[in-house]
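Peer 1: For reference, each letter of the sequence shown is one residue, going 1 to 82 in my numbering.
These are calculated hints, taken from the structure and not from any lab test.
Mixed in with the good hints there might be a few duds.
[What the hints assert, rightly or not] Here are the in silico distance ranges between beta carbons for each label pair:
{"hint": "1", "residue 1": "Ile37", "residue 2": "Asp13", "range": "23 to 33 Å"}
{"hint": "2", "residue 1": "Pro66", "residue 2": "Pro39", "range": "50 to 60 Å"}
{"hint": "3", "residue 1": "Asn73", "residue 2": "Glu12", "range": "49 to 59 Å"}
{"hint": "4", "residue 1": "Pro50", "residue 2": "Pro25", "range": "49 to 59 Å"}
{"hint": "5", "residue 1": "Asn73", "residue 2": "Pro48", "range": "38 to 48 Å"}
{"hint": "6", "residue 1": "Glu23", "residue 2": "Pro50", "range": "49 to 59 Å"}
{"hint": "7", "residue 1": "Ser67", "residue 2": "Pro7", "range": "53 to 63 Å"}
{"hint": "8", "residue 1": "Pro38", "residue 2": "Gln17", "range": "37 to 47 Å"}
{"hint": "9", "residue 1": "Glu23", "residue 2": "Thr57", "range": "52 to 62 Å"}
All C-beta atoms, glycine included, are put in the ideal place defined by N, C-alpha and C.
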Amino acid sequence: MGKPPQPPTPQEDPPIQPGRPTEPPPEQPPGNPQPDIPPPMHEPDTPPPPQELPGNTPDETPMRGPSGPSVPNPATDAVNRK
Numbered sequence: 001m002g003k004p005p006q007p008p009t010p011q012e013d014p015p016i017q018p019g020r021p022t023e024p025p026p027e028q029p030p031g032n033p034q035p036d037i038p039p040p041m042h043e044p045d046t047p048p049p050p051q052e053l054p055g056n057t058p059d060e061t062p063m064r065g066p067s068g069p070s071v072p073n074p075a076t077d078a079v080n081r082k
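Using the sequences and the hints given, assemble the complete structure.
Peer 2: Pasting the structure below:
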């Protein structure tokens with residue numbers, strides 16, 4: 001019997017050099033990131049959809065008040081009483 005076939009050796013990544021980011025591959029064609037996705041369509045007799053703005057959001061979120069008295073936990077309190 002012969003040797004079992006060896007799996008192909010994986011290609012090693014080049015070592016990472018600090019301060020030198022790797023360059024991403026160039027776009028094909030340049031400036032067109034999603035060529036397969038057409039622009040959204042609407043019916044010719046209908047008005048275009050409205051450009052809605054987000055609603056008013058508060059500048060600060062309300063803070064929670066101080067926590068109240070803790071409720072006894074029967075699972076842990078039973079161990080402490082014995």
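Peer 1: Each hint: holds or not?
Peer 2: Tested hints:
no.	hint	verdict
1	Ile37 <-> Asp13: 23 to 33 Å	holds, 31 Å
2	Pro66 <-> Pro39: 50 to 60 Å	holds, 54 Å
3	Asn73 <-> Glu12: 49 to 59 Å	holds, 54 Å
4	Pro50 <-> Pro25: 49 to 59 Å	violated, 39 Å
5	Asn73 <-> Pro48: 38 to 48 Å	violated, 59 Å
6	Glu23 <-> Pro50: 49 to 59 Å	violated, 41 Å
7	Ser67 <-> Pro7: 53 to 63 Å	holds, 58 Å
8	Pro38 <-> Gln17: 37 to 47 Å	holds, 41 Å
9	Glu23 <-> Thr57: 52 to 62 Å	violated, 39 Å
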